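Reassemble the complex: the two chains are provided individually, in unrelated frames, and hints are given to aid placement.
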Amino acid sequence: MNSFLMHWTFAIPEIWVLTMACVVLLTDLFWGDRLRDLAVVLTVLTLIGAVVLTIFEMGQSGTAFAGLFVLDPFTNVAELFSYLAVLMVVLYSRRYLVDRGIYRGEVFVLLLFALLGIMVMVSGGSLLSIYLGLELLALSQYALVAFYRDSVVATEAGLKYFVLGALASGMLLYGMSLLYGLTGTLDVRNIAGALVNVTASNLVLVFAIVFIVAGIAFKLGAAPFHMWLPDVYQGAPTVVTAFLASAPKIGAFALIIRLLVDGGYGMLESWQQIFVALSLVSLVVGNVIAIAQQNIKRMLAYSTVGHVGFLSLGIVAGTEAGLASAFFYTVVYVLMSLAGFGMIMLLSRAGFEAERIDDFKGLAQRKPWYAFLMLIIMFSMAGVPPTVGFYAKLAVFQAVIAAGYVWLAVIGVLLAVIGAFYYLRVVKVMYFDKADAETGIIVRDDLASTALSINSLALLVLGILPGPLMAFCFYAMQGVI
Amino acid sequence: MVHSSLLSYAIWVPIIGGLLVLAVGDRRAEAARWLALLVSLAAFAVTIPLFTGFDPRTAAMQFSERVAWIPSLNIFYHLGIDGISLWFILLTSFLTVLVVISSWRNVKERVAQFMAAFLIMEGMMIGVFCALDAILFYVFWEAMLIPMFLIIGVWGGPRRVYATIKFFLYTFLGSVLMLVALLYLYYHSNSSFCLLVFQKTPLGMTAQVLIFLAFFLAFAVKIPMWPMHTWLPDAHVEAPTAGSVILAAVMLKMGAYGFLRLSLPIVPDASHKLAWLMMLLSLIAIIYVALVAIVQEDMKKLIAYSSIAHMGFVTLGFFVFDSVAIEGSIIQMLSHGFISAAMFLCVGVLYDRMHTRNIKAYGGVANVMPIFAALMMLFAMGNVGLPGTSGFVGEFMVVLGAYQVSPWAAILAATGLITGASYTLWLFKRAIFGSVTHPEVAGLKDLDGREMFVLGTLAAFTLLLGLWPAPFLNIVHSSVQHLVTQVSLSKIPA
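Here the protein sequences come in this chain order: A and B. Letter by letter, the first sequence follows residues 48 to 528 in the numbering used here. Letter by letter, the second sequence follows residues 4 to 497 in the numbering used here.
If you're looking for bench data, these hints aren't it; they were derived computationally from the structure. It is possible that part of the hints are untrue.
If you want a taste of the chain B side facing chain A, the calculated C-beta under 10 angstroms gives, among others [to be verified]:
1) A71
2) W144
3) A146
4) L153
5) G156
6) G159
7) R163
8) V164
9) T167
10) V183
11) Y187
12) Y190
13) A217
Each pair of labels, with its calculated beta carbon distance range [said to hold, decoys possible]:
14) B/I19 - A/D84: 32 to 42 angstroms
15) B/I19 - A/H54: 42 to 52 angstroms
16) B/Y190 - A/Q412: 45 to 55 angstroms
17) B/T209 - A/N249: 31 to 41 angstroms
All values reported here derive from a predicted model rather than from experimental measurement. Where is the CB? At the ideal position from N, CA and C, for every residue including glycine.
This is chain B alone, in the form it adopts within the complex (with noise of 0.2 angstroms):
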C-alpha cells in the first residue's frame, strides 16, 4: 500500500530535507539554497498524490495511519485528513515553495540555517493539520514555535528579540492550558488520547466550558481574537518577510483549524452556549482593529491587523453553526492564506528596494514599477473582497450564513468589508499612485524573473479561487456536514 504513509512522507521529507539542508552548512550558500528549493519541491510532490486520491464523497478520515508510539501513556502516531485539512496540507506544501525562492536572494546570513528553519517548520505545520492523536497534535502544535522563534530573532529586524520571545511566550502561554485539557479528557474518554474518540466522549456542562475555555486560550492566541492579538503586529513587523508570509499564511490557520477539529466536536454544548461571545470578538476584530489599521503607518503592520480582520470573519463564521458558513470560512482561510502571502511579499518586494516599510517614504511606485503595482492591486483588491477574486466568496458565504442565524451580527461583519476596502485602498492610494515624490522611488527597478513567478502564481490560485470556487468546496463538503451534525448533537450525559 503505497497510499498508507503519503502523511508520514508529508511530514517527514521536509523535515529530514531540512536536516540536509543544515548539514550542508552556511558556508555553501548557493548549494544550500538549490538544496532546500529541491526538498520544498519533493514536498510538494509528495502531497499532490493526497489531493488525486482523495475521496470527496466521504467525511470519513483518509490515508490513516496509526503506530503505536508510547504505549506506556497510550499513545498513538496516528494521522489522518478529511476535506478540512486537505486543504491547508497543499497550502503548506505550496507556500513553502514560494517562500523559499522568495528568500533567494535577500537573505544573505546563514542561509543553510534559514531555509532549514522553513522546511522543518512545514513538516511540523503538516504534522499538525494531519494528526489524531491528542498529543501527537499537541507535539507539533509546540514543536514549530522553536523555529519560527528562531526565524523572527536571527534574521528579524531592529526589535526583533522583543517581538520573538513575546511570541513565543504567548503562544506557549495558551497552549499549555490546553494540555492539561487534553489530559482531562484523557480520563473521561477510558485512557485514548485519539481525538475521533474525545468527540464522541459525553461530558457535563462545565466541564464542556472549561475544556472550551482552554481550547479557546490557545486557538485565540494563534488566530490571534481581539484581544489576544498584541502579539501579532509586532512579530509580523520584525519577522523577515517569508517568516511573515508563513505566519499569516498558516500559522494564524491552526489556531482556526483547532477550532474546527478540537472545539466544535468534542465540546459542542459548550460551543453553543459561549457562540455569542465568539460572535463578539469576531465582530470586534472585524469593525475595531480594521478601525485601528487605518490609522497605520507601517506597512507590515496594516496588512497584520488587515489579517486579524479578516480572521474575525473566519471565526464568526465557525460559530454560527451553518455549513454556509463554515465552509465560507475555511474558503476564507484559503484565499487569505493566498492573499496575505501575497500582500506580505508585494512589501518585501518594495522593503528589498527602499529598506523602510512606513507608507510616507513611497508614492507614485505604480509610474516606476507598473507590473508590480498591477500585481499589487489584484491583490489589494481580493483583500477588499472584491467579486471575481478568492476573498469575495468567503466573506459573501460567511454573512449569508450569518444572516440566517443573527441578522445583526450579518449587518455588523457587512460594514467591515467597507472597512477594509479603506484601509487597502487607502494605502494603495498612498504608496502606489500619485506623481512621484521621492528620488529614490524615482530609481525603483520593476520585478525581476523570480519575482515576478511568486507573484504570478499566486495571482493565479486568487483568481481561480474567486471565479471557480466550486472544486474547494467540493472537496470539505461533506467533512463539513459532518462537522455541522456533530456540533448540532448535545453531548451532555442524560
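Isolated chain A, as found in the complex (with noise of 0.2 angstroms):
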C-alpha cells in the first residue's frame, strides 16, 4: 500500500456519509414517489451507522492522504455533535416539509451532502481540503435556502447567501493563497513550522490573517460580516433556518481550530486582536437590534450574532481552556437554536409560519407543556441558571477573565442583560398574554414533539448536570494547541 492510502481508514465515516448520500439520492429516483419516507429513514440509518463508525474510530488520532486529513478528538466530538444537528433537523423537518409540498428527497441528500462537507473541516489538514469542505457546505447550503421555489422571500434568501457567501469564500481563498505564497505548503502543520521564521509584523502575513478571520467571520456569523444573517435566517424555510443556525457553526468553528490554531497559532497576537473586536461588535449588535425585531427568526437571527459574540470571547482567550469553552459555547448554542427553531416549526402548520412574535400569544394557556420547553429555551439562550445556556456564558467569561479581560467580561455580562430583555418578551408574551381569536395554533405531529421535548429538556437537565458535556468538550481540544 503506497502512503498516500495509509490510514484510509480514519477516513470511514467520511465515505460511509458520501456512499449513503448517493444511494439517497438514487433509492428516491427511483422509489421517492410511491415511498417518500424511505428518504427520511436512509438518511436516519446514515447518521446513526456514522454516530457509530466514529465512536469506533475514538482514541486514535494522525494523519492521512498525505496530510490531507486529520484525526484527533476534536475531529471526533465535533463530528459526533453534527450527526447530532442534522439527526434533529431530519427529525423536526417531516411534517412541515410536507405542509409545504416539499417534501422531496433532494433535502436529505443535501443535508447529508452538507454535513459531509462540515465534516472534510473538520478532518482538514490542508487549505485545500479545508476549502473543499467549506465549499461543499456552501454549495449545498445555498441550494437548501433556495428549495422552497414557491416562497418569493426563500428564493432571494437563496440568492443574498449565494451572493454574499461567495464573496466571503473569496476572501478566505484569497487569504489562503497569501498564505501559501509565504510559505509555499498547503499543508496546515507545515505552515505553522514556516511561520517560525517569519516576523509578526510582515504585512503579507497580517493580510492573509486578516482576510482568513473575514471569511470565518462571515461563515460564523460574526458582525460587522454578519449582514447576510438576518434575511437568510428569516426568508429560508425554519426547517433550512434550524440547519444554518446548527451544524454548519461547528464548521466554521473547525475552521478557527484548523487555520487560525493548528496553522496561525504563532500569529495569536494578531488574530487575537482581531476578535476582541469582532466579539465587542457582535456583542453589541447582536443583542441591541434583536430587541426591534418583532419577527421571531430574525430576532434569533441577531440572537445568533449576539451569541457569536459570546464564544468569540472565549477564542479571543487563546488558551486551551478558552478555546475548549468556546467549542462548549459553540455545541450549546447549537442544542439551543435546534429547539428554538424546532418549536417554531412545530407551531407552524400549513398556510401559516408562527414567525410573529405575537404567534405565541398566551401559549402557556393553549399548550402549557409547549409553552414550558419554549420557557427553558428562552431562559437558556438569555443565560439564566439553571439551563446549560448559563454555564456556556460561565466558562467563556472565566476563560476570558482568566486571559486579563477583565473589562471584555464586564461588557459581555452587561449585553447579557439587555439580551436577556428580549429573550423575556418571549416569556412574557406566552405567559402573561391573552391568546388571540386569529392565532389558534394547532400541534400534531408526534416525531416532532417528542425530539424537540428531549431537546429542550437537555437544555435543563445538562443545566443541572453539566460536567460530562463540559469534560466532552474539553477532551476535544486536549492537546489542540
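Dropping the structure here:
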C-alpha cells in the first residue's frame, strides 16, 4: 500500500456518509414517489451508522492522505455533534416539509452533502481540503435555502446568501493564497512550522490573517460580517434555518481550530486582537438590534450574532481552556437554536408560519407543555441558571478573565442583561398575555414533538448536570495547541 | 450517616415535590393544593433536624456535603451551614407552609403552577443559604428569579408585566457583575470556587474595592438599599399576596445574607474603607424612605417602603463591625421575616374581601373584624419596634452597637424609630380605627379558621422572639464572633 493511502481507515465515516448520500439520492429517484419516507429512514440510518463508525475511531489520532486529513479528538467530537444536529433537523422536518409541498428526497441528500462538507472541514489538514469542505457545505446550503421555489422570500434569501457567501469564500481563499505564497506549502502543520521564521509584523502575513479571519467571521455570522444572517434566517424555510443555525456553526468553529490554531497559533496576538473587535461589535449589534425585532426568526438571527460574540470571548482567551469553552458554547448554542427553530416549526402549519413573536401569545394557556419548553429555551439563551446556557457563558467568561480581559467580561455580562430583555419578552407573550382568536395554533406531530421535548429538556438537564458535556468538550480540545 | 445529606433533602424535597405538583396539573386543583401542602410540610420537617442537630458552640460549617459537580471548571456541589444560615433556612421552609395555606382559596387560576412555583423557589432559596461554592451560590441566586418572575407576571395585578420585567432585569443586572467578581476571585485563589477559600485569599486594596462594589451592586439591589430600591414597591404592589410575603420575608434577606457570607469576610479591608458609604445609604433608607412611606395611599406600597427602611437597620448593623450590632441585624432580619410576612398577609386578608388596597377605602375595620384588628395591632406594634415584640430586640441591638462606633449614626437611626411609628400607627388609625364610613366595610366578615391559624402562628413567633430572644441569639453567637474576627484582620498582602 502506498503512503498516500496509509491510514485511509481514518476517513471511513466520511466515506460512509458520501456513499449513503448517493444511495439516498438513487433510492429516492426510483421509489421516492411511492415511498417518500424511505429517504428519511435511510438518512436517519446513515447518521446512526456514522455515529457508530465515529465512536469506533475514538482514541486514535494521526494524519492520512499525505496530510490532507487529520484525525484527533476534536475531529471525533465535532463530527458527533454535527450528526446529532442533522439528526434533530431531520426529525423536526417531516411534517413541515409535507405541509409546504416540498417533502422531497433532495432535501435529505443536500443535508447529507452539507454534513459531509462539515466533516471534511473538521478533519481537514490542508488548505485545499479545508476549502473543499467549506465549498461543499456552502453550495449545499445555498441550494437548501432556495429549495422552496414557490416562496419569494426564500428565493431572495438564497440569492443573497449565494452572492455574499461567494464573496466571503473569495476572501478566505485570498487569505489562503497569501499564506501559501508566503510559506510555500498547503499543509497546515507545515505552515505553522514555516511561520516560525516569519516576523509577526510581516505585512503580507497580516493581510493573510485578516482575510482569513474575515472569511471565518462571515461563516460564523460575527458582526460586522453578519449582514446576510437576518435575511437568510428569516427568508429560508424554518427547517433550513434550523440547519443553518446548527451544524454549520461547528464547521465554522473547525475553521478556527484548523486554520488559526493548528496553522497560525504563532500569530496568536494578531488574530486575538481581531477577535476582540469582532466579539465587541457582535455583542453590541446582536443584543441591541434583536430588541427591535417583531419576527421571531429574525430575532433569533440577531441573537445568533450575539451568541457568536460570546463564543468569540473564549477564542480571544486563546488558551486551551478558552478554546474548549468556546467549543462548549458552540455546542450549547447548536442545541439551543435547534430547539428554538424546532419550536417555531412545530407551531407552524400549512399556510401559516408562526414567525411573529405575537404568534406565541397565550401559549401557556393553550399548550402549557410547549410554553414550558419554550420557557426553558429562552432562559437558556438568556444564560439564566439552571439552564445549560448559563454554563456556556460562565465558561467563556472564566476563560476571558483568566486571559486578563476583565473589562471585556464586564461588557459581556452587561450585554447579556440587555439580551435577557428580548428573551423575556417571548416568555412574557407566552405567559402573561391572553391568546388572540386568530392565532389558534395546532400542534400535531408526534415525532417532532417528542424530539423537541427531548431537545428542550436536555437544556435543563444539562443545566443541572453540565459536568459530562463540558468534560467532553474539554477532551476535544486536549492538546490542540 | 443520615446527617450528611440533610441539606440536600432540604433543597431537593421541595423542588422535586414542586415538579410533582406541576404534574398533577391545573385541572385537579384540589389535589394540587393538598399535595403542595404535604410537600411543604415534608420540606419543613426535613429542616427541623438541622436545628436539633446543630452544634452552637462552633463557627465551623456543619452538615457539610462536597461532591465534584463540574470537574472541568473545578466546581463542587458544596453545601454547609453555620449559625447565620440556619435561621434563614428554617424561616424559608416555615413560611412556605404558611404561604401554601394562605393561598388555599384566593388563588383560583392555574393552581398547580402557582403552588409548584413556590415550592421550587423554596428549594432554590434554601440552596442560596447553604451553598459554599461560589458558582453553586450564583446558580441558586439567579435561578430563583425565574419562579418569582412568573409568580408576579402571571398572578399579579394590573401593571404586573411592567413590574415583573423591572424586577427581573434589575436583579439580573445587579447580579452579573457579582459573577465577574467571583470569576476574578477564582484566579486569585488557586483555581478554587470555594467561598471558604475566598475568605482566606489575600487581595490588594484596589481589587478589594472593585470586588466590594460588584458584590454591593448585587446585594444592594436585592435588599434593596436606597437608591436601588425602586423595583421593590412596584413588585410588591403587583405581586399576589403570597409573592409579596416570600419577597419581603425571604428574598430581601438574601442580599443581607450575601453581605455576611461574601462581602464582609472576603473583602474586609474594602468593607472598612467603604463602611461610611454603607452607613450613609442605610441611614438614608431609615430616615428618607420612612418619610416616603408616610405619604403612601396604597397599603402594600406603604409596607414595601417600610421594609426598605427596616432593612436599613440591618445594613447599618453590619457595617459597624460590632458583634452586638451584627447579631441585632440578624434578629432584625428574622423579625422582619415574621412581621412583614404578617403585614402583607393582613393586607391580603383585606384585599380578598374588598379588592382594593387604598387606605381611604377603609376605616373602622376594627368594629366589624375585631380578631383581625387585634392581630394586626400586634404586628403593627412589632413593625414600630415596641418592646416585647421581635421588632424591638433587633433595632435596639443595632442602635446599641452603632452607638459605640458612631453616636451620630445611632442617634439618626433612632429617629427612624419615630418615623416608623408614625407611618405604621397612622396607617392603622386610618384603616382600622374610627367609625365605619364605607358601607362595604360594614359587611366585612372576620377571619376564618385558616387565616386565623396563619396569622396566629406568626403572632406567636413575633412574641416569642421579642420576649425570649436568647435561644435565637445562642445559635448565631459563635458564627458572628468568628465573622467579626475575620473582618478585623486585614487581607492586604504585606
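Hint check:
{"no.": "1", "hint": "A71", "verdict": "holds, 7 angstroms"}
{"no.": "2", "hint": "W144", "verdict": "holds, 8 angstroms"}
{"no.": "3", "hint": "A146", "verdict": "holds, 5 angstroms"}
{"no.": "4", "hint": "L153", "verdict": "holds, 6 angstroms"}
{"no.": "5", "hint": "G156", "verdict": "holds, 5 angstroms"}
{"no.": "6", "hint": "G159", "verdict": "holds, 9 angstroms"}
{"no.": "7", "hint": "R163", "verdict": "holds, 7 angstroms"}
{"no.": "8", "hint": "V164", "verdict": "holds, 5 angstroms"}
{"no.": "9", "hint": "T167", "verdict": "holds, 8 angstroms"}
{"no.": "10", "hint": "V183", "verdict": "holds, 5 angstroms"}
{"no.": "11", "hint": "Y187", "verdict": "holds, 6 angstroms"}
{"no.": "12", "hint": "Y190", "verdict": "holds, 6 angstroms"}
{"no.": "13", "hint": "A217", "verdict": "holds, 9 angstroms"}
{"no.": "14", "hint": "B/I19 - A/D84: 32 to 42 angstroms", "verdict": "holds, 40 angstroms"}
{"no.": "15", "hint": "B/I19 - A/H54: 42 to 52 angstroms", "verdict": "holds, 51 angstroms"}
{"no.": "16", "hint": "B/Y190 - A/Q412: 45 to 55 angstroms", "verdict": "holds, 47 angstroms"}
{"no.": "17", "hint": "B/T209 - A/N249: 31 to 41 angstroms", "verdict": "holds, 39 angstroms"}
Going down the numbered hints, you'll see the structure goes against none, and every one checks out.
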